[in-house]
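A.B. asks: Each chain, written out:
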Amino acid sequence: MLPAGKRRGRQLFQQSGTRGCVPSTGRCQRETGQETSNPPIRLGMLPILLPDWMGEGKSPSMWGNQDANIMRDRPIFSWTENRTTHRSPMNTTIKKRIDLQVARQQLKTQTGSTANFLIREDNSRDLLGKFHKDRSVSIRARRRVLQCFSHQFPCALQLQKWGILKKVKCRLCEKYYYKENKIGDPPDSVESVGHIQCYCPVLPLPRIAMHHGKWRELMFSIRKSST
Amino acid sequence: MGLHEILPPGAGQNRAKLRKNIEEYHLAYDIDFEETDIDTSISRRPDGLAFDKGKKICVFIEYTRAMDTNEDWAEKKEQEKNDRYSSHLGFINHLSNQEKSDWKASQINFTIGV
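In the order they appear, the protein sequences are chains A and B. First residue of the first sequence: 50, per the working numbering; consecutive thereafter. First residue of the second sequence: 5, per the working numbering; consecutive thereafter.
Bear in mind the hints are in silico, worked out from the structure with no lab data behind them. Yeah, the Cβ is synthetic: ideal placement off N, Cα and C, and Gly gets one too. Just so you know, not all the hints are guaranteed correct.
[Claimed, not checked] Chain A regions said to be covered by chain B (calculated; three or more residues, Cβ under 8 Å):
1) 127-133
2) 218-227
[What the hints assert, rightly or not] Straight-line distance between alpha carbons at most 27 Å, and here's what the computed BS3-like set of lysine-lysine pairs gives:
3) K80(B) <-> K24(B)
4) K228(A) <-> K215(A)
5) K263(A) <-> K24(B)
6) K24(B) <-> K273(A)
7) K179(A) <-> K57(B)
8) K216(A) <-> K59(B)
9) K263(A) <-> K81(B)
10) K24(B) <-> K81(B)
11) K59(B) <-> K273(A)
12) K273(A) <-> K108(B)
[To be verified] From the derived model, a few chain B residues whose C-beta atoms are all more than 10 Å from chain A:
13) R19
14) I46
15) D51
16) Y67
17) T73
18) D106
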């Protein structure tokens, strides 16, 4: 049997969870329209009832708790970068560093082609991360990059793996070779990401434009660094 | 070091003299060649050239977007690019030695994986 205060508190809690309850007047009218026979409880009584309801958590601070420091603004996380030790409380930077550590640890356990691609050293993989985080880049462009290196880009090869398409041949190539050489089965015509970006004979202009664009950037950087 | 854009094929002067020099280079080093090879050699253009007049250095600059599916893609592409211009560099260095001009040619490759 609960003490009288707790019993009353439970009753009020149950009532306040129903529709049509008006704790300030103590009148509780259910959906049927019938009034309950529970005694009315006024808001003025809450300070008396609250300590009973809250139990052990009634203390306003966590001074007695071993994990109390987590809640305070103390620099409890530390890491070393370029031989400098940093300390910080939990914040966005720390959360990102934790995410990064978790990702790195998980990457070691993965053996798929995406993981193999990402853990290759000296391949400027950090640039992919920077590009993905760059908010000035459109979300579509960032999504395409993510799709490409995670082998999710919906080219014919991928669509066939997913059971959506039956043929993996590049349709542009087929048309091109049929028109130019009257050959129905051209060499290297599987529509993969690599084929689209590097080989497809129908798409030389975007490739050349990309090459020249990057080349101009490179020239600009060399000029800037030249004495 | 100054950067120069490459002229389109045939836009340079003294093309006949250049052909003759290339033929002499091939004969001097006993390299097999055909007429079409010389035309190919002349028409081939690196993406850029850099000159250091003080140090008398000429650098071929090559930029390539290559597929990076395989792990050894960068080394392969580097080798491919070096092979493409090795005869040009050899010819320029040979000509430079012959005319005692002290100019030396080399190559730098920039390769980006796609």
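A.B. asks: Each hint needs a verdict: does it hold in this structure or not?
C.D. replies: Hints, verified against the model:
1. 127-133: violated (count 0)
2. 218-227: Our answer is that it is violated, as 0 residues pass the Cβ test (under 8 Å) against chain B, missing three.
3. K80(B) <-> K24(B): With a Cα-Cα distance of about 33 Å, the restraint between K80(B) and K24(B) is violated, given a limit of 27 Å.
4. K228(A) <-> K215(A): holds (23 Å)
5. K263(A) <-> K24(B): violated (36 Å)
6. K24(B) <-> K273(A): violated (38 Å)
7. K179(A) <-> K57(B): violated (38 Å)
8. K216(A) <-> K59(B): violated (58 Å)
9. K263(A) <-> K81(B): holds (17 Å)
10. K24(B) <-> K81(B): violated (31 Å)
11. K59(B) <-> K273(A): Distance of about 20 Å is within 27 Å: holds.
12. K273(A) <-> K108(B): holds (24 Å)
13. R19: holds (26 Å)
14. I46: holds (22 Å)
15. D51: violated (6 Å)
16. Y67: violated (5 Å)
17. T73: Not fine: 6 Å to the nearest Cβ puts T73(B) too close to chain A.
18. D106: About 21 Å separates D106(B) from the closest Cβ of chain A, which puts it past 10 Å; holds.
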